[in-house]
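A.B. asks: Work the whole structure out from these sequences, hints included.
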Amino acid sequence: MSPPTPCYKVTPLCPVEATIYGYTPSLGWNAFFAVFFGVSALIHLGLGIRYKTWTYMIGVGLGCLAECGGYYGRLMINNNPWDNTGFQVQVVLLIFAPSFLAAGIYLTLKHIVIHIGEPWSRLRPIFYTYIFIACDLTSLVGQSAGGALAAMGSDKATIDLGTNLMLAGIIWQVIVLVVFGYLVAEYAFRTYRRKAILSPEAMDIISDGRFRLFASGVFIAYFTIFIRCVYRIPELSDGWGSEMMRREPEFIGLEGIMIMFAVLAQTIFHPGHYFPAMVPGKLAAKGHSRKLESQGSDIEMINKF
Numbered sequence: 001m002s003p004p005t006p007c008y009k010v011t012p013l014c015p016v017e018a019t020i021y022g023y024t025p026s027l028g029w030n031a032f033f034a035v036f037f038g039v040s041a042l043i044h045l046g047l048g049i050r051y052k053t054w055t056y057m058i059g060v061g062l063g064c065l066a067e068c069g070g071y072y073g074r075l076m077i078n079n080n081p082w083d084n085t086g087f088q089v090q091v092v093l094l095i096f097a098p099s100f101l102a103a104g105i106y107l108t109l110k111h112i113v114i115h116i117g118e119p120w121s122r123l124r125p126i127f128y129t130y131i132f133i134a135c136d137l138t139s140l141v142g143q144s145a146g147g148a149l150a151a152m153g154s155d156k157a158t159i160d161l162g163t164n165l166m167l168a169g170i171i172w173q174v175i176v177l178v179v180f181g182y183l184v185a186e187y188a189f190r191t192y193r194r195k196a197i198l199s200p201e202a203m204d205i206i207s208d209g210r211f212r213l214f215a216s217g218v219f220i221a222y223f224t225i226f227i228r229c230v231y232r233i234p235e236l237s238d239g240w241g242s243e244m245m246r247r248e249p250e251f252i253g254l255e256g257i258m259i260m261f262a263v264l265a266q267t268i269f270h271p272g273h274y275f276p277a278m279v280p281g282k283l284a285a286k287g288h289s290r291k292l293e294s295q296g297s298d299i300e301m302i303n304k305f
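So the sequence shown is numbered by the UniProt record's numbering: it starts at 1 and just counts up by one.
Possibly wrong hints are sitting among the right ones.
[Claimed, not checked] Cβ-Cβ distance ranges computed for the label pairs, FRET-style:
#1 L161 <-> A134: 54 to 60 Å
#2 Y23 <-> K195: 49 to 55 Å
#3 L45 <-> R190: 23 to 29 Å
[As the list claims (entries may be wrong)] Straight-line Cα separation of at most 25 Å, SDA-like style, residue types lysine to any residue; simulated pairs:
#4 K9 <-> E243
#5 K9 <-> A31
#6 K195 <-> S216
#7 K156 <-> I20
#8 K9 <-> G239
Rather than coming from a laboratory, the hints here were simulated on the basis of the structure. Note that beta-carbon positions come from the ideal geometry of N, C-alpha and C, so glycine has one too.
C.D. replies: The following block contains the structure:
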């Protein structure tokens, strides 16, 4: 996305106020976010290897890497508000990074249903993964393509097309999150009504304090990602250079901090320790048998897409 006149650095003829954001991004906040998400990516790599939660590691790890790269792009803009490369990097990466984090959330419902009770679930466990990961990938593709077009477009038509694709991708992501939240709430309600017929294994999981902390972590991640996506809709709807887009405190609070809390929840309450049912073979070693069909590899499923 090019400025109306050839500007390559801040000068009296090219002031900061004339940039799309109208401000110099905060050095402190953006450096903090870049380091935080970079370290989080390394932590998830280590946890994934330790607990063999490969799919969860890929989803959350890639999300953290994209966030880190996005805030590095904002640091480039801090150094030079007219840096077009930095602008492009942060637009593209920050717009789709939460889709990877959301994928980590979607993976959990399948395993919860498998180990607590399948008969009263609206869908078969494997379908939760198929459907929501497919929807998440659709959202990710739309946001990525739109971000690239909007950031690199040289004419208004291309920029508008990219913006509309980004907006459609985020709206679709919000819809998917709402549907997912409904299905989780419905399953929780149905499980509560059937407490008397739950298996001893299911009761062990539900009564385990670690599982309750894990569920709380999933809720925090879900809620903060949802808030971030809702914030992005009016921000993009008002167009590039809008008043809302030119207020950095809102961006820091509703984008950076929200996603930071999501990653914190997914890191602190990692399923490897707090929900061992997601660890391949963990419950099988304790004598908990499950159908092979329900235990289908998430890695293989993702490869099919």
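A.B. asks: Taking the hints in turn, state whether each one holds.
C.D. replies: Hints versus structure:
About 24 Å separates the C-beta atoms of L161 and A134, a value inconsistent with the hinted range of 54 to 60 Å. Our hint of 49 to 55 Å for Y23 and K195 holds, since their Cβ atoms are close to 54 Å apart. As the Cβ distance of L45 to R190 is approximately 36 Å, the hint placing it in 23 to 29 Å is violated. Restraint check for K9 and E243: the C-alpha separation of about 22 Å stays at or below 25 Å, so the hint holds.
Proposed proximity of K9 and A31 is supported: the alpha carbons are some 21 Å apart, at most 25 Å. With a CA separation close to 20 Å, the supplied pair K195 and S216 stays within the 25 Å bound. Among the hinted pairs, K156 with I20 is consistent with the structure: their alpha-carbon atoms are about 14 Å apart, no more than 25 Å. Among the hinted pairs, K9 with G239 is consistent with the structure: their alpha-carbon atoms are about 23 Å apart, no more than 25 Å.
Going down the numbered hints, you'll see the structure goes against 1 and 3, while the others check out.
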